[in-house]
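Q: Sequence:
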Amino acid sequence: PEKRLAFKNNAKWEFFKLLLVNAGLLEEKKVGKVFKSNAKLVVNEKRLVSLFALTAIHDIMKMNQILPECQKEHEPFHGYMAGDTIGDHDHALSYIMEHY
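The sequence shown maps to residues 534 to 633 in my numbering.
Keep in mind that the hints are not guaranteed to be accurate.
Unchecked claim - Simulated DEER-style distance windows between Cβ atoms: (1) M614 / L558: 14 to 22 Å; (2) L538 / E608: 46 to 54 Å; (3) N571 / A544: 22 to 30 Å; (4) E608 / F540: 42 to 50 Å; (5) F540 / L584: 19 to 27 Å; (6) K563 / K541: 41 to 49 Å; (7) K562 / L538: 44 to 52 Å.
In case anyone wonders, no lab produced these hints; they're calculated from the structure.
All values derive from a computational prediction rather than experimental measurement.
Every residue, glycine too, gets a C-beta built ideally from N, C-alpha and C.
Using the sequences provided together with the hints, build the complete structure.
A: This is the structure we're talking about:
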C-alpha cells in the first residue's frame with residue numbers, strides 16, 4: 534500500500550494525461566456557452582476498444598497452439614523461414630498484422 538500511495542502522490546499525472554491525449558485515447562471537447570467555454574476530457578471509445586483488442590490479441594499470441602507459421606511468400610521474417618512457427622509472441626503479432 535505504501536508504494537501505491539507514493540506512486541499516486543508522486544506521479545507526473547499531467548505527462549500521463551498528455552500521453553493519452555497524444556495517443557488519441559482522450560480528447561478535449563469544449564462545453565459551455567460561447568463566451569464561457571471549458572474544455573472537458575472525454576474518452577475516444579473507438580480507439581480505446583481498439584487498444585483493448587490489440588492488448589488481448591497480444592496476450593493470446595503467447596499460446597503455442599495458435600502461433601502462426603511463416604509462409605514461403607513471407608520469408609525471411611525476423612529470421613523465420615517458411616514452415617517455421619513464429620515463437621516470439623511480439624513477432625507473431627507483427628507477422629499477422631503485416632501479412633493478414
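Q: Run every hint past the structure and note whether it holds.
A: Verification of the hints:
| no. | hint | result |
| --- | --- | --- |
| 1 | M614 / L558: 14 to 22 Å | violated (38 Å) |
| 2 | L538 / E608: 46 to 54 Å | holds (52 Å) |
| 3 | N571 / A544: 22 to 30 Å | holds (24 Å) |
| 4 | E608 / F540: 42 to 50 Å | holds (45 Å) |
| 5 | F540 / L584: 19 to 27 Å | holds (22 Å) |
| 6 | K563 / K541: 41 to 49 Å | violated (29 Å) |
| 7 | K562 / L538: 44 to 52 Å | violated (32 Å) |
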